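A.B. asks: Sequence:
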Amino acid sequence: MARSGLCWNDGCTGGLGFWGANGHDGIWHIALSESLSKGSFLMPIFSGQGIENYHIGFDLLLALFHKISFIPIPNLYFQVIPPVLAFLVGLLTYKFVLLWTRSEKASLWSTFFVYFGGSFGWLVSLIRGQGWGGESMFWSMQSVSTLINPPFALSLVFLLAGLVLLLKLDEKFSRWIFLLCVLSFGILIEIKVYAGILALGGLMVAGVYSLIIERKSLIIKVFFTALIISFAIYIPFNKLSGSLIAWQPFWFLESMVGASDRFYAPKLAEAMLAYKSQPVIGKFVLAYGLTFVLFIVGNMGTRILFLLRKIRLNDKVEILIYPIIAAGIIIPTLFVQEGTPWNTIQFFYYSLFFTSILSGVVIGKWTKSSRLSAFIKTLVILLTIPTTIFTLKDVYLTEKPPAVLPATETEALNFISRQPDGVVLTYPFDEVKSKNAVSPSPLSEYVTTAYVSAFSGKQVFLEDEMNLDIMQYPWRERRSLVGNFLNTLDIDSAKTFLEENNIKYVYWLKDQHARIGDKELNMTLIFSNSDVTVFKVN
2 MARSGLCWND
12 GCTGGLGFWG
22 ANGHDGIWHI
32 ALSESLSKGS
42 FLMPIFSGQG
52 IENYHIGFDL
62 LLALFHKISF
72 IPIPNLYFQV
82 IPPVLAFLVG
92 LLTYKFVLLW
102 TRSEKASLWS
112 TFFVYFGGSF
122 GWLVSLIRGQ
132 GWGGESMFWS
142 MQSVSTLINP
152 PFALSLVFLL
162 AGLVLLLKLD
172 EKFSRWIFLL
182 CVLSFGILIE
192 IKVYAGILAL
202 GGLMVAGVYS
212 LIIERKSLII
222 KVFFTALIIS
232 FAIYIPFNKL
242 SGSLIAWQPF
252 WFLESMVGAS
262 DRFYAPKLAE
272 AMLAYKSQPV
282 IGKFVLAYGL
292 TFVLFIVGNM
302 GTRILFLLRK
312 IRLNDKVEIL
322 IYPIIAAGII
332 IPTLFVQEGT
342 PWNTIQFFYY
352 SLFFTSILSG
362 VVIGKWTKSS
372 RLSAFIKTLV
382 ILLTIPTTIF
392 TLKDVYLTEK
402 PPAVLPATET
412 EALNFISRQP
422 DGVVLTYPFD
432 EVKSKNAVSP
442 SPLSEYVTTA
452 YVSAFSGKQV
462 FLEDEMNLDI
472 MQYPWRERRS
482 LVGNFLNTLD
492 IDSAKTFLEE
502 NNIKYVYWLK
512 DQHARIGDKE
522 LNMTLIFSNS
532 DVTVFKVN
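Numbering (my numbering), first residue to last: 2 to 539.
Incorrect hints may have been included.
As a list, the in silico EDC-like pairs of lysine to aspartate or glutamate whose alpha-carbon atoms are at most 16 Å apart [said to hold, decoys possible]:
(1) Lys537 x Glu500
(2) Lys169 x Asp316
(3) Lys511 x Asp532
(4) Lys520 x Glu478
(5) Lys511 x Asp431
(6) Lys511 x Glu446
(7) Lys39 x Asp422
(8) Lys505 x Asp422
(9) Lys284 x Asp316
Hints were generated in silico from the structure; no laboratory data involved.
Predicted model, so just to flag it, every value in this text is computed and none were measured.
Based on the provided sequences and hints, a complete structural model is requested.
C.D. replies: This is the structure:
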């Protein structure tokens, strides 16, 4: 994480490097936070429209830290905040488990799994003679990639803080602790909606159980108060968010065995589809049941040991945690997200997180009482850490990054950032060029990203079509308008497009241009280098 957004070679001749998901997701968060830091709630990659169907909590905090510290947002995002979040997640995990179990060994082991828990993808890759990789072979990212998704890491901080405060409330009620507790749970939904939904669901189940069985109302009060806060802060930006989820049972199971970049078992994939189209109930259940077990065990790795822990119905923490684990598994098994179906796997991240904690409790108990303590500890560690080691080696610590912002574009975007505010028009993303790009790819050819907005601090007419698709903006209409502008020979029509859409700057890379010349369009060249030309619309 810390290497991204910095010069990746001597003299910075190669520009800024980006590793892992930072070449898309990190760029998006920077663009949004840059916009929010200016007090704007407009969509930075779809000029003139407000932010909709997105949880902006992390980005608001990032913008706030930038205003307070004056540290550039990219440095905060890549170099400053990740180690702070990593420390807080570990500290709060240890604190929560210690308060809950009163066992230091359980706390240490839970923290170990939270930091280093991995899948069995490395084992499958090794058996197949494909090396030691395979972090997301079974679809889910693992602990080593937590900081690549800072909103997820921040949601863990608030989730753990809420749980710690809930335990303290159970010992002794305090209005201030109650307020902090409901705020921790209540604002989760605006940091990471998946966390908010699961936490509220867990609180509801635990609250109803506690009210009926124990005749205690504390947890149900926390639930309702947190629910009110969640609705109050979520609805204004997410009025249509319910339409983002689509019913598509077993998509992750089918794609896991059918996609060559996942577990890939083509014969099993064919059998599953055959039994699905012409239902043979017994074979259908067997094929999908086997794949489901592969999905769970493969993703959880050694954390599958959590199943050896007996559920204690008199333990309010467990009554809260187990529904979260179950829902985190069930939701992505049955639902996908419109536009990018794999996004619902993020529900499963929280199942992995809590099974990490429960597995730590199991191992802590074993190593306390078993004569095989040293053997068990060694075996668990050896089976757990390969994912972390080889993901770091093969993904995050490679000599060259997969994506770069070339020095020439960095120079051009820095120039635009110093100009008065205005909408920037860019060339549409070219998927053909992207497929043929050689690593390290310039961000313009890597995937569709928000890099012009992120590093210029300006609103862009159309950028990052992937996120626009997720948030259900009508970006295809805009892309068609841009295409018409580029290809028309009607000067009046082209000028009208620029005027009606408040285009103030045009950002073109080498060999990008409209059919009508810049002078005919009343545009003035204000910057150029070997790769970039920037025009101002008069």
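A.B. asks: All the hints need checking, so say for each whether the structure fits it.
C.D. replies: Evaluated hints:
1. The hinted pair formed by Lys537 and Glu500 meets the criterion: a straight-line CA distance of about 12 Å does not exceed 16 Å.
2. A hinted pair counts as satisfied when its Cα atoms are at most 16 Å apart, and Lys169 with Asp316 qualifies at roughly 15 Å.
3. Simply put, Lys511 and Asp532 have alpha-carbon atoms about 5 Å apart, close enough for the 16 Å limit, and the pair holds.
4. Of the supplied pair hints, the one linking Lys520 and Glu478 is violated, its CA atoms being roughly 27 Å apart against a limit of 16 Å.
5. Under the criterion of a C-alpha separation no larger than 16 Å, the hint pairing Lys511 with Asp431 is consistent with the structure, at around 14 Å.
6. For the suggested pair Lys511 and Glu446, the alpha carbons sit about 13 Å apart, so the restraint of at most 16 Å is met.
7. At roughly 11 Å between alpha-carbon atoms, Lys39 and Asp422 fall within 16 Å of each other, so this suggested pair holds.
8. Between Lys505 and Asp422 the CA atoms are separated by roughly 8 Å; this keeps the pair inside 16 Å, and the hint holds.
9. Using a Cα cut-off of 16 Å, the hinted pair Lys284 and Asp316 is violated, with the two alpha carbons roughly 39 Å apart.
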